[in-house]
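**Q** Chain by chain, the residues run as shown.
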Amino acid sequence: MKNGALIAVVALLAIFLFGGVFYTVDETEQAIITQFGRPIGVAITEAGLHVKLPFIQKAQFFPKTLLEWNGDPGQIPTQDKTFIYVETFARWRINDPLKYYETVYNELAAQKKLDDILDAASFNFLSSHHLVEAVRNSNRLLEKEVIASAGLADSVQEQIAISLGRSGMNRGILEQAKPKLEKLGIELIDMRIKRINYVDEVRQKVYERMIAERKQISEKFRSEGKGESKKIEGDREKELKRIRSDAYRKAQEVKGKADAEAARIYADAYNKDPEFYSFVKTLDTYRQTLGQDSSLVLSTKSDFLRYLKGFRDVQ
Amino acid sequence: MPWQENPGRQNPWGKQEFNPEQLIKQFKTMLGAGFSGIWIVVAVILALWGVSCFYTIQPGEVGVIQRFGKFMRITDPGLNLKLPAGIESLTKLRVQYVYTEEFGTRTIQAGIDTEYAPSKQYIDEALMLTGDLNCAVAPWIVQFRIGDPYKFLFKVRDVKKTLRDLSEAVMRQVVGDRSINEVITERLTIATAVKTGLQQAMNDADTGITIVNVELKRTTVPDPVQPSFNEVNQSLQEKERTIYEAREAYNKVVPEASGEAQRVLREAEGYALERINQAKGDAARFVSLFTEYANAKEVTRRRLYLEAMQDVLPKLGMLYIIDPEQGGLLPLLNVEEKLRKEKKP
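Chains as they are written, first to last, in our numbering: chain W, 86 to 400; chain P, 8 to 352.
FYI, nobody ran anything at the bench for these hints, they're computed from the structure. Errors might be hidden in some of the hints.
For lysine to aspartate or glutamate, the following EDC-like pairs were computed, each having C-alpha atoms within a straight-line distance of at most 20 Å [stated by the list, open to error]:
(1) 137/W / 172/W
(2) 342/W / 289/P
(3) 198/W / 153/W
(4) 158/P / 272/W
(5) 300/W / 247/P
(6) 366/W / 318/P
(7) 357/W / 289/P
(8) 259/P / 324/W
(9) 300/W / 245/P
(10) 316/W / 255/P
(11) 202/P / 108/P
(12) 315/W / 211/P
(13) 202/P / 109/P
(14) 326/W / 346/W
(15) 287/P / 192/W
(16) 326/W / 338/W
(17) 162/P / 181/W
(18) 167/P / 108/P
(19) 263/W / 204/W
(20) 224/P / 213/P
(21) 158/P / 114/W
(22) 290/W / 230/P
(23) 167/P / 153/W
(24) 127/P / 285/W
(25) 162/P / 211/P
(26) 202/P / 155/P
(27) 198/W / 172/W
(28) 265/W / 153/W
(29) 311/W / 252/P
(30) 127/P / 108/P
(31) 167/P / 213/P
(32) 263/W / 157/W
(33) 184/W / 201/W
(34) 335/W / 276/P
(35) 168/P / 172/W
(36) 340/W / 267/P
(37) 168/P / 108/P
(38) 158/P / 275/W
Remember, predicted model here, so these are calculated numbers, not experimental data.
Sequences and hints are given; from them, build the entire structure.
**A** Below, the structure written as structure tokens:
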């Protein structure tokens, strides 16, 4: 008797548990109910415990959360004929599970649809704009004073005014793709360019350009150094000449003044009797100038020798 | 299965509801009565199931309770109750912990000398275009917390991937608006801008993530370009060195020249003193002599003359004396020759 009751309870439990009367919808999920494969009713987006008919009805679950998508539109030539690789990503959610179930059926197919639509849109946008548009986001003035002061023309940028910028481009692609995806029960939330890189050949060229640019800056620094050094050298020469000539001038002035003073002193003294001065001075000069190398012819009529011929007073 | 959670945990209710002796007695009677073992199995299963009602949340964690998949509540650290497994489920989240995501670099072994993966391996994450269309390598890390457990668990399927994708996108957007020089020198500004932008993006995506910190590691340029960037630094050093050398040469001679100038000036002053003193001396001598001379002009004159002759004549090489009254009978002198002969040896 008791065994029979137990079996009945277990059987009922089995029907409830495995026969599929109850089903739970997780907070991250939504579900639709299909009857013999055909969806019926509305989507169940409320999480929790739900009831359906066992065996004939089946619950199909779809994520309710934000889903990811990674794009790879491949190699894209931009409007300025630069070849770039682009990586994109998008976030989307299943907005209308019924429509989604009918049109794309599962996520694999959905990802494929997203590939088709978003990669094409990205390609269109990027190839019809300059690379700068995708790289930059605003017309913010770049700080490049080193290069500017090197006197280099800004050959790379030619300052294309940014009309879209990266976020504008993201928005553009999003808006272009959104209506197409709505038909599939998919809501495109966000679409962004993740990475942009040059293809290898272009990258080499860019590296070469960067190297050349740096080399020019290096040379500029070196020549600035040399220039400054020459200037200092010139300053040095100038300073030396100034100091030396200044000293010479002052010395000459001092000497000149002294000479003048001396001349005045001499004049004051010698003016007392110029004749006597010249007499005394001449005698001094004789002392100093006449010597071993001098020969002198003296007449016996000279004052010095006049006594040689007699001692009479001549006068 | 859910009731396997917390295995081995004792049910504290068992002791309160049943007297142990009674329980054993009952047990024995049940066995003695020949009851089938199925009831024991059912009892054990029910007991284990009951155990799943209790759970502990560690400090720094929260527990998120879902009933039949539906979000019910968030519980705080401590011992908590929930409906048994199968009805309510628990997810523990470390909400205080700061998680780190690395871009363009990986920590292999953290420690005193933290070991990083070779940077080439993750170069693609860090290689980006700058606003002046140059290439920069900028690795960075993002530190974040789970700010909103509900959003973190239920709003986005793959939060980590979303965070990584958005980080890369935001970083490149910020770097894309800066020149290569700015990327290399203004890391802090960029990190701040990325933090703001990333937090905004994470909020927009309902990830429930709070960005704690964004930090740029050493920003640089790709390897092939690196030498030329180093060269710029070198040339800057070279420039300064050249200037210092020139200054050195300047400092070497200019102060010396100033000193030399002082010397020349002093010398001139010395000359002036000497000249004036000489003049004064000469003048004084002359004046003294003159005073005496004025007293006895004739005699003094003669004396001076004769004294001079006395000094001069003995020093002379040759002295010829002629008498004009002899009338042209000048001795033939070969003065020149004599002088030459004397000078030659």
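**Q** Take the hints in turn and mark each one as holding or not.
**A** Quick rundown of the hints versus the structure:
no.: 1; hint: 137/W / 172/W; verdict: violated (44 Å)
no.: 2; hint: 342/W / 289/P; verdict: holds (18 Å)
no.: 3; hint: 198/W / 153/W; verdict: holds (13 Å)
no.: 4; hint: 158/P / 272/W; verdict: holds (19 Å)
no.: 5; hint: 300/W / 247/P; verdict: holds (17 Å)
no.: 6; hint: 366/W / 318/P; verdict: holds (14 Å)
no.: 7; hint: 357/W / 289/P; verdict: holds (14 Å)
no.: 8; hint: 259/P / 324/W; verdict: holds (12 Å)
no.: 9; hint: 300/W / 245/P; verdict: holds (14 Å)
no.: 10; hint: 316/W / 255/P; verdict: holds (13 Å)
no.: 11; hint: 202/P / 108/P; verdict: holds (13 Å)
no.: 12; hint: 315/W / 211/P; verdict: violated (61 Å)
no.: 13; hint: 202/P / 109/P; verdict: holds (14 Å)
no.: 14; hint: 326/W / 346/W; verdict: violated (30 Å)
no.: 15; hint: 287/P / 192/W; verdict: violated (122 Å)
no.: 16; hint: 326/W / 338/W; verdict: holds (18 Å)
no.: 17; hint: 162/P / 181/W; verdict: holds (17 Å)
no.: 18; hint: 167/P / 108/P; verdict: holds (9 Å)
no.: 19; hint: 263/W / 204/W; verdict: holds (13 Å)
no.: 20; hint: 224/P / 213/P; verdict: violated (28 Å)
no.: 21; hint: 158/P / 114/W; verdict: holds (14 Å)
no.: 22; hint: 290/W / 230/P; verdict: holds (14 Å)
no.: 23; hint: 167/P / 153/W; verdict: holds (11 Å)
no.: 24; hint: 127/P / 285/W; verdict: holds (16 Å)
no.: 25; hint: 162/P / 211/P; verdict: holds (11 Å)
no.: 26; hint: 202/P / 155/P; verdict: holds (18 Å)
no.: 27; hint: 198/W / 172/W; verdict: holds (17 Å)
no.: 28; hint: 265/W / 153/W; verdict: holds (18 Å)
no.: 29; hint: 311/W / 252/P; verdict: holds (10 Å)
no.: 30; hint: 127/P / 108/P; verdict: holds (18 Å)
no.: 31; hint: 167/P / 213/P; verdict: holds (13 Å)
no.: 32; hint: 263/W / 157/W; verdict: holds (18 Å)
no.: 33; hint: 184/W / 201/W; verdict: holds (19 Å)
no.: 34; hint: 335/W / 276/P; verdict: holds (10 Å)
no.: 35; hint: 168/P / 172/W; verdict: holds (14 Å)
no.: 36; hint: 340/W / 267/P; verdict: holds (17 Å)
no.: 37; hint: 168/P / 108/P; verdict: holds (10 Å)
no.: 38; hint: 158/P / 275/W; verdict: holds (18 Å)
When the structure is compared with the earlier hints, violations turn up for hints 1, 12, 14, 15 and 20 and for no others.
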